[in-house]
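> Below are the chains, spelled out letter by letter.
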Amino acid sequence: MTDVTLGRISDAALERAAAEHARDEHELGFWIYLMSDAIIFALLFATYAVMVDRTAGGPPAHGLFDLAHTFMETLLLLCSSMTFGLASLSVRARNKDAVLFWLAVTFVLGAGFVGLEIAEFQGMVAAGAGPQRSGLLSSFFTLVATHGLHVSMGLAWIVVLGLQVLVRGLSAPVASRLYRLGLFWHFLDIVWIGIFSVVYLPGIY
Amino acid sequence: MWSLLDTRDPLLKTYLVGFALAVLLTLIPFALVARGALPLVPTLVVIAILGVTQATVHLHYFLHLDLSAQHRENLLTLAFTAVVIIIMIGGTIWTLFNLHYRMMI
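Chains as they are written, first to last, in the working numbering: chain A, 1 to 205; chain B, 206 to 310.
Quick caveat, the hints were computed from the structure, so don't treat them as lab data. Computed from a predicted model, the values in this text were never measured in an experiment.
If you want the ones that stay clear, here's a sample from chain B, every Cβ over 12 Å from chain A, calculated:
no., residue
1, 271
2, 272
3, 307
Computed cross-link-like contacts, SDA-like style, restricted to lysine to any residue with a CA-CA straight-line distance of at most 20 Å:
no., chain 1, residue 1, chain 2, residue 2
4, A, 96, A, 107
5, B, 218, A, 183
6, A, 96, B, 214
7, B, 218, A, 94
8, A, 96, A, 174
9, B, 218, A, 91
10, B, 218, A, 179
11, A, 96, A, 162
12, B, 218, A, 95
Glycine is no exception: its CB is placed at the ideal position from the N, C-alpha and C atoms.
This is chain A alone, in the form it adopts within the complex:
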């Protein structure tokens, strides 16, 4: 309302419109990247579906996984998605301390997820169920570790953007980057839904 003064659009309004336009353009570009990533994961899922009975005399999918362990991983990732949402809300509220706090909580939850996954992989390799054992295990490790690698990259990205918030504050470019990191983080949680629905739950049942 106060942006239009005596028929002239204020500089602040123009700047805000330009920033929003830039964010929308970046958002679509990043969204297209996420969709290409979704296709990679879809193909890894297809590979797993083809390989699930190819055990080459090694351990079958049934008995490889632990329900409580998978449930813990799922909860950690889901809660981290929620806390990232709270970080996004804090960006909207221009509350720098809150953004840093929620990013830190998200990082801890995400790191807990990666830690559990590494422990699971170590246990499997130690039990002779490493990726070289069979087609099933190769496709399992490729699918789940690709997701784990994405989460680890997301953790590094959280650290980088946390430092940017600390040094530069919530400037328009930093807020725009946080928005795209949010898309990335929520997207990874969706991929995990696919992993526990296709790999873990049918394997455990």
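Given the coordinates of chain A, assemble chain B onto it according to the supplied hints.
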């Protein structure tokens, strides 16, 4: 703690509703598998349906995707990706299982 949350933001409710739905849609399939309440095939069908539902919940409540014109391009990209995925997954599974069947003879 309250300074860490802007409770007046209407989006907070969106995230909380999405989180509650996601927890519920996670608990049901895990409980089904833990209890072994249903035979194998119905269990897998329920897991698949709840999985797709939860993915939709995440897209809507966390990624803020809806049918408004503002997100039309994102939605079109998503639809195109879905088509590509269906062709690739469907094609891979069809081709390889058909090949497997023929090699058995």
